[in-house]
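Protein chains in written order, with our numbering: chain A, 1 to 336; chain B, 1 to 336; chain C, 1 to 336; chain D, 1 to 336.
Keep in mind that the hints were calculated from the coordinates and are not lab data. In this text the structure is predicted, and so the values were computed from the model without any measurement. Some hints could be false.
Since the list gives no way to pick out one identical chain from another, each pair is judged satisfied if it fits inside one copy or across any two copies.
[Unchecked claim] Subject to a maximum C-alpha distance of 30 Å in a straight line, what follows is the list of computed DSSO-like cross-link-like pairs (lysine-lysine):
#1 Lys248 / Lys233
#2 Lys207 / Lys142
#3 Lys104 / Lys325
#4 Lys233 / Lys142
#5 Lys142 / Lys58
#6 Lys207 / Lys248
4 protein chains.
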Amino acid sequence: MVTVGIIGAGRIGKVHVQSISNNVPGAKIKTLADPFMNDETAKWAEGMGIEKVTKDYKDIINDPEIQAVLICSSTDTHAPISIEAINAGKHVFCEKPIDHDVNKIHEVIDALKGKNLKYQVGFNRRFDHNFRAVQAAVAAGKVGDPQIIKITSRDPEPPSPAYVAVSGGMFMDMTIHDFDMARFLAGCDAEEVYVQSAVLVDPEIGKAGDVDTAVITIKMKNGALVVIDNCRKSVYGYDQRAEVFGSKGMAAITNDAQSNVTVSNQDGVTGEKPLFFFLERYMQAYSDEIKSFIDAVENDTETAVGIEDGLKPVLMAMAANLSVKEHRPVKLSEVE
Amino acid sequence: MVTVGIIGAGRIGKVHVQSISNNVPGAKIKTLADPFMNDETAKWAEGMGIEKVTKDYKDIINDPEIQAVLICSSTDTHAPISIEAINAGKHVFCEKPIDHDVNKIHEVIDALKGKNLKYQVGFNRRFDHNFRAVQAAVAAGKVGDPQIIKITSRDPEPPSPAYVAVSGGMFMDMTIHDFDMARFLAGCDAEEVYVQSAVLVDPEIGKAGDVDTAVITIKMKNGALVVIDNCRKSVYGYDQRAEVFGSKGMAAITNDAQSNVTVSNQDGVTGEKPLFFFLERYMQAYSDEIKSFIDAVENDTETAVGIEDGLKPVLMAMAANLSVKEHRPVKLSEVE
Amino acid sequence: MVTVGIIGAGRIGKVHVQSISNNVPGAKIKTLADPFMNDETAKWAEGMGIEKVTKDYKDIINDPEIQAVLICSSTDTHAPISIEAINAGKHVFCEKPIDHDVNKIHEVIDALKGKNLKYQVGFNRRFDHNFRAVQAAVAAGKVGDPQIIKITSRDPEPPSPAYVAVSGGMFMDMTIHDFDMARFLAGCDAEEVYVQSAVLVDPEIGKAGDVDTAVITIKMKNGALVVIDNCRKSVYGYDQRAEVFGSKGMAAITNDAQSNVTVSNQDGVTGEKPLFFFLERYMQAYSDEIKSFIDAVENDTETAVGIEDGLKPVLMAMAANLSVKEHRPVKLSEVE
Amino acid sequence: MVTVGIIGAGRIGKVHVQSISNNVPGAKIKTLADPFMNDETAKWAEGMGIEKVTKDYKDIINDPEIQAVLICSSTDTHAPISIEAINAGKHVFCEKPIDHDVNKIHEVIDALKGKNLKYQVGFNRRFDHNFRAVQAAVAAGKVGDPQIIKITSRDPEPPSPAYVAVSGGMFMDMTIHDFDMARFLAGCDAEEVYVQSAVLVDPEIGKAGDVDTAVITIKMKNGALVVIDNCRKSVYGYDQRAEVFGSKGMAAITNDAQSNVTVSNQDGVTGEKPLFFFLERYMQAYSDEIKSFIDAVENDTETAVGIEDGLKPVLMAMAANLSVKEHRPVKLSEVE
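Start from the sequences, fold in the hints, and give me the full structure.
This is the structure we're talking about:
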């Protein structure tokens, strides 16, 4: 039984609390910390069987009983808290991205050196039943050598322009998952990124210096060509698809819906639209990523999504940003 | 090149004219006969390259150049014209049903005895790409021994009560295709039929002594259980599906639509409804059945749908009618 | 917070323990009883946060703190324990079927009279996301008046002949869910049942006096025709589909799979087979039925599946058995 | 009735002969010309009802009875024969591409000026039932403003390196259809093209100076982003899909197969792979494009795919080639 502390009681922190309480029998949450901890959250935490709540995350860092920390606080705190937790000898699960600044990620990498501590980054989609199945098909050789990889990722509704201004922009806060997926499905790193982008959803996003629609072409080190298409707003809901085409065939996945009911009438045959957003689509994945992390801690094995997996997509996002700025293909080596 | 005469220039007669003109290079239509032949039809026939039109089908029977006759006239004339054509030494393709009265069908069987003439019955669905594929899967052993066979057959719009009164009723004019399909997919004959039926579409059909909705259970001689569901009115169009479940798996087919486009929006994901009715769904099948008939004539091989295949579904329809009347399962041996 | 006792720690009892622990925040399991309670189960129960385990279900009946009882013991004990629990003032959730003998079910009905106690029967499929969606479409009028209802229900592997001998047979242990589904989807009771059945899977099942394959036709009181097809063995897994066809359209559902991945290669386009069996397919439904029961207890509302819903499918199974025996359609009024 | 001459009796010439004979009642082929005309082809042509065959296409140009010419000869002859036919006062249907050299296309444009002659280019996919349906959905406003357009186009087998050397390369001989489709679906012209390409199928294609796999990003003048993915070899057959995503939804199409049969067994649920190649997939489209051309001639209306539609994709292919050469995004204005 792994004793866990969770730092950050926002939306994703609460998701992990629920996952662990309901679906991760090997872990027990001792403490939940949040600078804005209030009575409501404290009561909810008690109902979830959490022993202690606090406003000060150091209560977790300094608790010798706590073996593993989940960092779900704001992005700018991910790296420094990671380092504090590592130095306190704790295993770390950190939400993505570790940081927008690769130097800070390298500091975390340095902190981990020589310590036998587990570090997992929150790329939850790798644990989704569909993405996992397409990757398994590729890994099993069913498509042969990957040649073209297509990833569609569209959100149901755009963030506020205010959020975009601090999030690092679309490539850093949204596409980062797709960059990770490209590496996961191709089984290797990226070599070059080119972005064709536009502001088609909300001019305010453009004024905030970001884009809201993009087609991103990536050349992977194994020669596979990846294309990611993103949009901040899809009226039919969260669109999360992928396909890997290769020398022996193609593996493809599509969206999930609440049910598979279809209604046929004079207007056609109508099924349900995709599940609304990430909380609906990826709840099973959130559970499974934490299970996987706890398993790695318990069995002293590699985490499924290590610190390098946290670094690489940030580099890809940086290359994407540079590609937009200079309107040209950008090699990863230029930003590393 | 087989020289053909077509008797009957109604809807289905015209379908066969077009099929032969466009898609059956091995056949040439010399004469088209119809008691109601008029200028419009005559002109149309000329445009299709037909040499001669006539009101008297005997012009076809008596023409020594004509090798094969397609009988597309009203059902009550199918058997007598078949016999005339056979006696004139012509191969016959006859629309279904040959007759509502099995005695008349037996007269045709008797007429064929000892003559090397081809006789094919117009069960076009056997030539449909989907039904053919499901049957091929069964024949290739992909489902093992058939255990449960399901056939859905629903028309987009009911016939007039007047038509029902002369058609022999739903089992004889509509389900007859499904009875044939049951034999085609099971690969054997029926043993017993039970009908649960209702008048749910049009009370006038009930007043005419017929039903418009039915679930028909059939026990086949190889032990497979067949269920056919019929309705005279399906608002989303012609519904023509089948599945064969067996010891090694299941083969299933569904409807065709005009295109496979789907539109996703806030209301769901909508595809096109099935093709409207038999002319839309089965045009390829109508062509292929005539090609098959002409091939049998040219190569002196068995027709794909012989005279026995014309008889058996009529017996099944009779058993179905008796089942409705006496509200009990009826053995085929009771009506043979 | 409703305090619950669970009687029976077999497969389905454990499913409910897990559901409540993980997904029903409004309930707390105090006691788990099973005549074969052993150390392993006791330890597992402790891990699930259950306060007490016992071999004697009376420890639950007699515990004044326990408000609701889940009866997951063998079928023959369902009715007597239901009555004991009711007399002790407890709400009851009872697995299906309540009993094979309608008289015993009537005794439970009598016991409930005049008491404001909730009684829910374990027809879990009503809570499955797909079946719920098709029923919701029907209830919303999207198909108009139901005319033909089709239910496919095939198990991945047959039970042992020994099980069949005590289970009450296929109609009582397996089709009972489909009988319930017929009522759920049609929105009314059955009037008449006809069965065409066979032994096609395992001759030993036949020797035990049961069938393993059946097509069941039902006439509902609202005129809709229902057809259920059952087989004890489907090599591609648990096949659980339904469609409701009516005057305004059709609502249909199909199976769920572990993922929606497809692999395209020279052999075709292959997707995953359906989820293996009920534990895989219906875990969400098991959770939701208990949530619904607890809600009914907490809010003093009708249970979603009441005692009458437990009685009616048993009558339908009896009619089905009589239909097999006498090979004729059987009215429900004959067995009531 | 339009009298037609066909120049070129290769594969596509024969397709048009068959289409007109079988499915275009408004046209009559008088003459078929091919420099390699032989007895076999002559006999076949006679069987198709063609009056005259010749080795000299000038027999068509100089025949005053012939109103319309179909140019199906080798690409290098498209432009000069077009001009000869135009100067002879004939309507022209010309296979794609008109030429690899835009100057030659401009000469055809000049030749057409001031003459009321119809000119149609053979972009057959615009007439395919699926592509037509997705375009119709876009044109009907069902997706709102197009934002992301995805076109997948993969051939079942690569051409010989020898062919590639003379075809103008992949962008000119294969992607040219997708460039046309981008314009058709977006409803406007392209502004900029970027290509990420590779030689992953056959190194000999690389040695011949071409690529065999590519992801092409296009910015359209209305702001929509288009991505085309191409591969010269898809083991599961011809892959021809598209989707248009916009402010109000998405319209998408997928492949057609020979039938929709699926076989379910312990290995999964398997459907047929896509139709093998363009002759299988687009036969209906080939027919309909000629019907449309003949209609335009008969009714003196605009052709559905005019000379400008023939020019623009060639410019896009030139931009694509330049993008590969200089590894950068290329504006259409650079090649016009």
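Evaluated hints:
no.	hint	result
1	Lys248 / Lys233	between (35 Å within a copy, 10 Å between copies)
2	Lys207 / Lys142	between (45 Å within a copy, 29 Å between copies)
3	Lys104 / Lys325	within (23 Å within a copy, 38 Å between copies)
4	Lys233 / Lys142	between (34 Å within a copy, 16 Å between copies)
5	Lys142 / Lys58	neither (48 Å within a copy, 54 Å between copies)
6	Lys207 / Lys248	between (46 Å within a copy, 23 Å between copies)
Comparing the model with each earlier hint shows a violation of hint 5 alone; every other hint is respected.
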